[in-house]
Amino acid sequence: MDRQFYLGLAAAGVRIPIGTHLVLHEHEDHGEILLDGERLGRVVEESARRYGSPLALPLMDLALEKESMLLARGVPVAAIDTFHFDEIPGQDGGFHLTRRMEATCGALHYIATQTDLVPVGMGIGPFSLMTKLIADPITPVFLAGDGCSADEEPEIGLVERLLEISLETILKYLDAQMDAGAKAIIVCEPAANNVYFSPNQLAESFEIFDRYVMRTNEAIRDRLRARGVDLMLHDCGELTDDMVRRLGGLDPAMLSLGSSRRLWEDAALVPKDVVLYGNLPTKQFYSDELISAGRVRQLCDELLRKMRETGHPFILGSECDVLSVPGRERTIREKVEEILRK
Amino acid sequence: MNIDHPLTQAVIAGRRRDVPALVQQCIDAGEAAGDIVEKRLVPGMMEIGERFKRSEIFVPEMLIAARSMKEALKVLEPMLVAAGVRPEHRALIGTVEGDLHDIGKNLVATMWKGANIDVIDLGVNVTPAKFVEAVAQHKPDVVGLSALLTTTMPAMRDAVHAIRESGAKTRVVIGGAPVTQEFAREIGADGYAPDAGSAVDMALGLMRGSSN
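First to last, the sequence lines map onto chains Z and V.
Numbering-wise (this note's numbering), the first sequence opens with residue 1 and increments by one.
Numbering-wise (this note's numbering), the second sequence opens with residue 1 and increments by one.
Source of the hints: derived by calculation from the structure; they are not laboratory data.
This structure is a prediction, so every number in the text was calculated from the model and none was measured.
Incorrect hints may have been included.
What the hints assert, rightly or not - Label-pair ranges, simulated between beta-carbon atoms:
id, chain 1, residue 1, chain 2, residue 2, range
1, V, Pro-20, Z, Pro-76, 35 to 41 Å
2, Z, Asp-175, V, Ala-136, 47 to 53 Å
3, Z, Arg-49, V, Ala-129, 39 to 45 Å
4, Z, Asp-146, V, Ala-136, 40 to 46 Å
Unchecked claim - Some chain Z residues judged to face chain V by a derived CB distance under 7 Å, without partners named:
id, residue
5, Asp-81
6, Thr-139
7, Asn-194
8, Val-195
9, Lys-283
10, Tyr-286
11, Glu-289
Unchecked claim - Calculated lysine to aspartate or glutamate pairs in the DMTMM-like style (CA-CA distance at most 20 Å, straight line):
id, chain 1, residue 1, chain 2, residue 2
12, V, Lys-74, V, Glu-31
13, V, Lys-70, Z, Glu-155
14, V, Lys-130, Z, Asp-81
Positions of the beta carbon are idealized from the N, C-alpha and C atoms, including for glycine.
Next up, chain Z with everything else stripped away, as it sits in the complex (with noise of 0.2 Å):
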């Protein structure tokens, strides 16, 4: 799509809670609409009404890429979610659309064809993928950063080897969204941080950063850009300015970044068209100890005020998507409410 398009929705001042996770676990039977394509996009075109959203925002579930590779490999449904890999796996297992994944197809297809929204697909990033896979991915990752090899140290050619099987994975996954009617992709890469890349390390040296997270991002920004699909950019880990900067470099039309960032001073890290959205803390909306509906009012206030000033085009939003958790529904919703109150 065309770049004024987001550019566009910032100067209007359109306000864009990821919602959709509070708006599906409204309904009883919310584990099967996972699995129903047509009413998943229902859900899915609920939230965008409800929160005035132009842009149809999927589910935020980062645990179906995983699922998708394991089943391909044999792996049983039960051990799925604590799956490691101890040992390189070998030849590709084939890529297999989930019941899940054909869901969110369904979903895409029925908001392209059904509705007047934005179709946004959903996909992690290779690098938190690849974090997923193996028991313990930062010490490797530090490894090959201080300059050692798979030769030294088994665990980086295991690493190096699960960063590939992932962007094969996530790219045959992103294919299905924008063959269902994606007009725009969220990556959520959220391990890209300071948690898995020392920031010492990284002082002396951007190398590993980029070998492991720009590379297979860069793949992904030029699979989405041949098919004219817009990349929307999601990292709500607690980055370095530098870390800001690269991802900038990827050229997402909208960047999302967590609340440990000031994004007033993220516009002078990143290019002028590249929208900023967020970052609202609504990882504590859970708590009013934590964040009052007053207190989420006062950080709008700031937050528009200092990207004004700053020129840079924003979205207000969250820094993630809006969990519902249960028995705080209510403050959630309130919490939500005042991020769109005017």
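Using the hints provided, position chain V relative to the given structure of chain Z.
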């Protein structure tokens, strides 16, 4: 706390490959295995915890140091077993039901082990019943509960409640991105640790308090 010894320095710097030879040098110099742990390794990991709290180092450096300590323990373990040396305190840890995140939990487990605490790791997605069963079996001084997702915080409350209901005298510490001191108080936990370094101080404080 002396951190000048070459073995301690090797642990702090994460020079894993140097560690076995340095341990052997200590043994050859007549140091008892228990003393090597207490005087050479634990100070190294405590120093790592302090540096982490001061944001001088980050998670990867902590893990690299812990890996070096493990190398040392591989050499020392047979001697520790033969001498009947056991850690003074025991802790049990797990990520609560519905939550599959284990980085924070693993870091705390690592740092607790580094402080010479016997750690039983129940893994992720641990039900309240499993916590209660493990507490009854292992009788830990402290139980650590971890959660990353706001959606699984009610499960943390359930786990604390179940442990209390079981009548166990163990102390319960909670941690994780969405967790706060207020939440700890609200659900009846004994403590809240904002990071892995603080979790060591918290656990040792509670353990020493309970043994007084």
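Taking the hints in turn, this is what the structure says about them:
no., hint, result
1, V:Pro-20 - Z:Pro-76: 35 to 41 Å, "39 Å, holds"
2, Z:Asp-175 - V:Ala-136: 47 to 53 Å, "51 Å, holds"
3, Z:Arg-49 - V:Ala-129: 39 to 45 Å, "42 Å, holds"
4, Z:Asp-146 - V:Ala-136: 40 to 46 Å, "44 Å, holds"
5, Asp-81, "5 Å, holds"
6, Thr-139, "5 Å, holds"
7, Asn-194, "6 Å, holds"
8, Val-195, "5 Å, holds"
9, Lys-283, "6 Å, holds"
10, Tyr-286, "5 Å, holds"
11, Glu-289, "4 Å, holds"
12, V:Lys-74 - V:Glu-31, "16 Å, holds"
13, V:Lys-70 - Z:Glu-155, "17 Å, holds"
14, V:Lys-130 - Z:Asp-81, "18 Å, holds"
Going down the numbered hints, you'll see the structure goes against none, and every one checks out.
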